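Hey, can you work out the whole structure from these sequences and the hints?
The opening position of the sequence shown corresponds to residue 5 in this note's numbering, with each subsequent residue numbered one higher.
Rather than coming from a laboratory, the hints here were simulated on the basis of the structure. All of these numbers come straight from a predicted model, not from anything done at the bench. Glycine residues also receive a C-beta, built at the ideal position from the N, C-alpha and C atoms. The reader is advised that the hints may include incorrect statements.
As the list claims (entries may be wrong) - Quick list of the computed label-pair ranges, beta carbon to beta carbon:
1. G17 x L173: 20 to 26 Å
2. K76 x Q158: 17 to 23 Å
3. V39 x G17: 19 to 25 Å
4. E132 x G99: 26 to 32 Å
5. P14 x G113: 41 to 47 Å
6. N123 x S38: 50 to 56 Å
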Amino acid sequence: MLTRTFLHFPQVGERRERALWRFGFCDWHAIVRSVAPSPWRHLWDEWQREAEASLEAYEVGNAAYFAMRLPKSAWWRAIPDFVHRAVFLDVETDGTHRITVLGIADSEGYRAFVRGQDNFDEARERLESAKMLVTYGGSHFDLPVLRANFPDWQLPPLHLDLCPLLRRLGLRGGLKAVERQVGLSRSPQTDGLNGWDAVHLWWRYVDGGDERALQTLLCYNREDVMPLPTLLALAYERLWAQTLKASQQTFLPMMGSKERRTG
5 MLTRTFLHFP QVGERRERAL WRFGFCDWHA IVRSVAPSPW RHLWDEWQRE AEASLEAYEV
65 GNAAYFAMRL PKSAWWRAIP DFVHRAVFLD VETDGTHRIT VLGIADSEGY RAFVRGQDNF
125 DEARERLESA KMLVTYGGSH FDLPVLRANF PDWQLPPLHL DLCPLLRRLG LRGGLKAVER
185 QVGLSRSPQT DGLNGWDAVH LWWRYVDGGD ERALQTLLCY NREDVMPLPT LLALAYERLW
245 AQTLKASQQT FLPMMGSKER RTG
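Set out below in structure tokens:
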């Protein structure tokens with residue numbers, strides 16, 4: 005999908021992008037090798053330069069290039085190209101901005117980092133080597149908390165917040181509510197728990213040495229993180245379908261297709 009995106013080209017919005025697709029310009033290569041059609045002759049030189057630059061950035065897996073140029077509303081189009089370098093993240097706090105548990109999942113699996121027990125340097129390395137960060141509601145909670153606790157960390161250039169993405173598809177509410185809407189369920193140990201319960205579990209562990217409370221908190225965090233890949237795939241497939249319907253085209257790739265991944 006990314007190589008078929010023109011929204012970062014000069015003077016291209018969604019309507020003009022769809023017009024390009026209808027004219028048969030289905031990717032950046034088509035722009036580079038084609039003679040300018042009359043409707044866009046005055047823009048073609050700029051578009052060819054951008055197409056060449058985009059291809060170069062794509063070949064080396066430069067996610068930052070597209071993060072800087074694409075509107076955030078279109079970042080989902082980069083999912084198939086960078087999902088293999090994604091980190092899925094959720095943080096728990098003590099009721100303030102102080103992190104108690106940082107849970108991340110990537111190609112190495114899931115790992116929870118607990119304040120006072122674990123060295124957060126590994127979490128930093130895994131985040132800073134990623135090209136895409138995936139959260140649920142992270143724009144308003146997880147990322148501000150991360151930056152407050154670790155201001156020197158360099159976060160991945162692309163951030164996919166699933167909350168607004170799924171809202172565009174009619175899936176509204178918190179993470180647990182959305183999980184129920186798409187048929188996902190939680191373990192009996194954590195079913196019904198919320199963010200404030202996570203705060204109370206932490207203080208039961210800190211103040212009373214309740215190891216069972218800590219284990220429940222870690223299970224809760226894991227179950228906040230592990231549905232994110234499924235929800236990301238669902239968001240991509242449904243947004244793809246919306247784009248396909250709007251464009252009346254058939255060339256757009258499904259997630260997991262053989263289109264080459266970057267980087």
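Verification of the supplied hints:
1. G17 x L173: 20 to 26 Å: 21 Å, holds
2. K76 x Q158: 17 to 23 Å: 18 Å, holds
3. V39 x G17: 19 to 25 Å: Given about 23 Å between the Cβ atoms, the range holds.
4. E132 x G99: 26 to 32 Å: 28 Å, holds
5. P14 x G113: 41 to 47 Å: 42 Å, holds
6. N123 x S38: 50 to 56 Å: 53 Å, holds
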